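Q: Residue strings, one per chain:
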Amino acid sequence: MKDSLGRLAHANQLIDDEPPILHGAPGTIGRLERLCSALTRSLPATGVGLSLLTMDNYGGGTIAASNAESRVLEELQFSLGEGPCIEAYTSRRPVLEPQLSTHGMRRWPGYAAAAQEQGVKAVFAFPLQIGAARAGALDVYRNETGSLTDDALAQAVTFAEVAMGLLVDGQDGAQDGQTSSDLDDALAYRLEVYQAQGMVMVDLGVGIDEAMARLRGHAYAQDRYISDVARDIVGGKLRLNRDAT
Amino acid sequence: MIAADQLAEVFVEVADTLVDDFDVIEFLETLTKRTAEVSSAASAGLLLADAHGQLQYMAASAESVKLLELFQLQYQEGPCLDCFRTGTAVVNTDLHDATMRWPLFAPRAVEAGFLSVHAFPLRHRQKVIGALNMFSTHTGRLEPTDVRIVQALADIATIGLLQERSVRSAEVLTEQLQGALNSRITIEQAKGVLARTHGIDVNAAFERMREYARRDHHRLTDIALAIVTDPTSHPDLTTAGTHQAHPTSAGSSDYP
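Top line first, the protein sequences correspond to chains A and B. Quick note: the first sequence uses this note's numbering, first residue 89, plus one each step. Quick note: the second sequence uses this note's numbering, first residue 103, plus one each step.
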């Protein structure tokens, strides 16, 4: 069993090892594309796609995919208005559909039919979220029916966490080998970290996404662990300023 | 010995919840409260494993800093981790004798005023998905009948997470579990928002949020989500100074 630091570092290593995509997008999007490819190779899966969503269903879209087929399946969900990715985002929990032909057809008739035409038999969607903050979902496609193993599930969840981290950090944290998760630590999942995110929201008068980015940004700039910074904030020893960048 | 009339009430309450559209975190909180009451434990709590097999705090009969620390310590060692790894209950463990077994956890639990500890596995088929933890301030032992009853309460927690019994139960359980883990994160974020808004500590913030949810019949998770995503959505709760002040030492000192 790997601790959280090991898991994230391992996932980032797999993404680093993924050959650069020819004419691939730069920055965050380029790294997300390699994330999709790395997860596809590692699980293994037929393909992986990543879409951003918004509450009003406008402004979302597919941001990265491991291959053209997966991209089509991602985009199809937006035109049909249904699918695992939308459901994972809306319900704020994973949507695991090991058999698209039965239960999946009842769930999303249009989407499941189209996916099966492409040979997809199972789909697993993971929301990109940290508590109330959410950005979209990561979809894993497979051309055989059956559940994900525990290891595969853990890996998919880890890659969704890495993707969420990249989106929270934006362009700044996206250089190869300089991933922000280097400063995530095994204690980053402590309750104080989430409490501190809420406190930073109030202190800075910003939304939860921005608060998370500022908390992480502060930790990176000071070269400190996020959990240490969070403890200082919750303990009343530290308060981020509105004017500081 | 657990009293039958108490158990009957717990049974009715739990059944009432399960047939309704319920909030998983609130359900687990109620279950830990009732577990503590019927077994005369001082405190009870519940940890669930995330997708990586890592235990995470989910609910407790009371949220105090000391108690949350004891639950979080068990991510590394302690009765819950043992119980989770072996799938068998850890019962009647005297904390004074447990320093060798749990060098970090046992002394901290003693410091917090507890004398004995128990942990019961949450099981689904061949898998252990978490543990129900009880702390006592006395060394009274759980009798074999009590052990069976508390295990049944732990099983009810699993049933609550399952919601539907079907061939998809493994998938449903994972979906629910992941959803519950994220709800817990949302609640912590909301505690942070309220603590800062009102200059109170995070436990007082939790109490305020829960009271508000109860009073207006909202689900705790929905309220937490609303507080974080749209702080203006519940002005009674999120506007500074609208509640009677409950000043507490921590958190208020640095407020101007």
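Just so you know, these hints were derived from the structure itself, not from any lab. There's no promise every hint is true.
One-sided and incomplete, this derived list gives chain B residues near chain A with beta-carbon spacing under 10 Å [unchecked claim]:
hint: 1; residue: 201
hint: 2; residue: 274
hint: 3; residue: 299
Ranges of calculated distance between the beta carbons of each label pair, as one might list FRET restraints [as the list claims (entries may be wrong)]:
hint: 4; chain 1: A; residue 1: 316; chain 2: B; residue 2: 246; range: 25 to 35 Å
hint: 5; chain 1: B; residue 1: 201; chain 2: A; residue 2: 238; range: 26 to 36 Å
hint: 6; chain 1: A; residue 1: 330; chain 2: B; residue 2: 332; range: 17 to 27 Å
Quick caveat: nothing in here was measured; it's all calculated off a predicted structure. C-beta atoms are modelled at their ideal positions from N, C-alpha and C, and glycine is treated no differently.
Q: With a cut-off of 10 Å on the beta carbons, see whether residue 274 of chain B makes it to chain A.
A: holds (8 Å)
Q: Less than 10 Å between beta-carbons is the criterion; does residue 201 of chain B satisfy it with respect to chain A?
A: Violated. Min distance 23 Å.
Q: Per the hint of 25 to 35 Å, is the separation of the Cβ atoms of residue 316 of chain A and residue 246 of chain B within bounds?
A: violated (46 Å)
Q: Residue 330 of chain A and residue 332 of chain B, beta-carbon distance inside 17 to 27 Å?
A: Since the Cβ atoms of residue 330 of chain A and residue 332 of chain B sit about 20 Å apart, the hinted range of 17 to 27 Å holds.
Q: Do the Cβ positions of residue 201 of chain B and residue 238 of chain A conform to the proposed distance bound of 26 to 36 Å?
A: holds (33 Å)
Q: With 10 Å as the cut and Cβ atoms as the points, is residue 299 of chain B at the interface with chain A?
A: holds (5 Å)
When the structure is compared with the earlier hints, violations turn up for hints 1, 4 and for no others.
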